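If you read the sequences in order, they're chains A and B. First residue of the first sequence? That's 1 in my numbering, and the numbers climb one at a time after it. First residue of the second sequence? That's 1 in my numbering, and the numbers climb one at a time after it.
Quick caveat, the hints were computed from the structure, so don't treat them as lab data. Check before you lean on any hint, since a few could be wrong.
Derived contacts from chain B toward chain A, CB cut-off under 7 Å, selection only [what the hints assert, rightly or not]:
{"id": "1", "residue": "L4"}
{"id": "2", "residue": "D9"}
{"id": "3", "residue": "L15"}
{"id": "4", "residue": "V21"}
{"id": "5", "residue": "L34"}
{"id": "6", "residue": "L35"}
{"id": "7", "residue": "Y37"}
Everything numeric in this text was worked out from a predicted model, so none of it was measured. Where is the CB? At the ideal position from N, CA and C, for every residue including glycine.
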Amino acid sequence: MRDLVILAMMFVFVPLALSNACAAYLLWGWTAVVALNLYVFGFMREVPFNLIFAVIAITLIGLGFDRKGRRFALSRTAVLLILFALQATISAAFAYEGTVRNVELYTNLLKMIFFCLLMPMVITNRLRVHALVLAIALGMGFHSLSEGLKFFASGGAHHVQGVEKFGDNNHFALAVTMIIPLLLYLYRYSQNRLVRFASLSVAVVTVAAVVGTHSRGGFMCMSLMGAWMALHSRRKGLAMVGLALGVVLTIAMAPSSWSERMNTIKEVKDDTSFMVRVVAWKASSQMALARPLTGGGFHAIQNQYVWDMYRESNGLLGFVPTDYRPQVAFAAHSIYFEVLGDMGFVGLFIFLAILANVFLTRRRILRLCSAHGGRLKWATDLSNMLAAAVLAYIIGAAALSLAYFEVLYIYAMLMEVLAMQVSRIALSPVNDIEAQPMAGAY
Amino acid sequence: MEFLLLCIDIFAVFLLLWGIVRSQKKDGPGNLGLLMYRDDVSVPDKKKGPPDA
Chain A
1 MRDLVILAMM FVFVPLALSN ACAAYLLWGW TAVVALNLYV FGFMREVPFN LIFAVIAITL
61 IGLGFDRKGR RFALSRTAVL LILFALQATI SAAFAYEGTV RNVELYTNLL KMIFFCLLMP
121 MVITNRLRVH ALVLAIALGM GFHSLSEGLK FFASGGAHHV QGVEKFGDNN HFALAVTMII
181 PLLLYLYRYS QNRLVRFASL SVAVVTVAAV VGTHSRGGFM CMSLMGAWMA LHSRRKGLAM
241 VGLALGVVLT IAMAPSSWSE RMNTIKEVKD DTSFMVRVVA WKASSQMALA RPLTGGGFHA
301 IQNQYVWDMY RESNGLLGFV PTDYRPQVAF AAHSIYFEVL GDMGFVGLFI FLAILANVFL
361 TRRRILRLCS AHGGRLKWAT DLSNMLAAAV LAYIIGAAAL SLAYFEVLYI YAMLMEVLAM
421 QVSRIALSPV NDIEAQPMAG AY
Chain B
1 MEFLLLCIDI FAVFLLLWGI VRSQKKDGPG NLGLLMYRDD VSVPDKKKGP PDA
């Protein structure tokens, strides 16, 4: 039945994509995050949905069929992404032999960087920004809604394990946390009441899904992200009270197993799972010291013979004592050490530059918006929401292997696209319809 | 339940794409459904007055 529904969907979506480059691009983005293949079990399971829409979108954009499209522009974010792709190519080429996920992770990263590089050519006005935000929210929100409703329906007994695409419960918690700011943006700026209601509801259910994962890191980064959003909101007092109320309500209503798990945050030194992570960080940094320019290749540290080579080393973390050294290969468990081990110091430097650039671009947007007056508050709010999500990522993923998570790169480029649009609008006359084609249409 | 949610999600994506296709019609965008966005939602600033004033 599921396969037939998805087949029917393809009969509708493929012609729509062929008729419109932007529609094809949005479908490319949506299929990248919704992972349709995980929800069908028959003949549609092996269909490369993402690849189909990617090919259609690239062809239409390449042939110039998008009437509202723009030419490729080399922005700062684009340069950083291209450098990251080049470094990834070098690392993948010089990877340790037997690194199982090297090619898979490399091609996935390259595909996502290509998607991001095309974004300024397709997402050329506010309507399309709104559409992309909706497409990403629909893709990611589906996972959180599905798991969050199970958590509610079971009265808090359902332990959210996550979705295969993202990894374990901790990865899932962070992945869905990053969608909350966009849902709140949609709640605030959508005109359709149903969309507003749905966005707010999915945001609430997403919080429940994060609680359901029992992830300490997930809850911590969600709380910090909430605090950052409250500090940057226009009604700071109300937002802080709301946040405090939300945290108190979550703690009061969460199941006892969750509270017990959260209490272990204080016992870091005795926490084996944390100390094993430190060993993985030491091994990853030692690998980077041994191969500073290329790194070991994508997830090389999970290669048993590479792990055996480095697991007794202290790398850059010799000042942290670790008595226990696991025999079995362990994932890097930190985006920073993951990139450091995979791509060496050069890769880490570019990766950190991508993260820092998000906040620099946000600052540029805020400056332009404040100079332009109240007409661009939507852009200010969206840039704040994107920055909040990236901040959650920076904090939450410090202990997770999630460096090649698509949504991060989408947000980084969306911030750049926003800056480009704000610059165009700020530099053009107030009623210039071409600069902001859909604004004022309603 | 998961399947029902997936169907709703797919339908919402369809409405989104329909809005994008409609937005490029030569005789004007008309009602774009899910894609309709609000102009700036502003909190009146007591010192400066309404931002668009």
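Which earlier hints can't be squared with this structure? 1, 3
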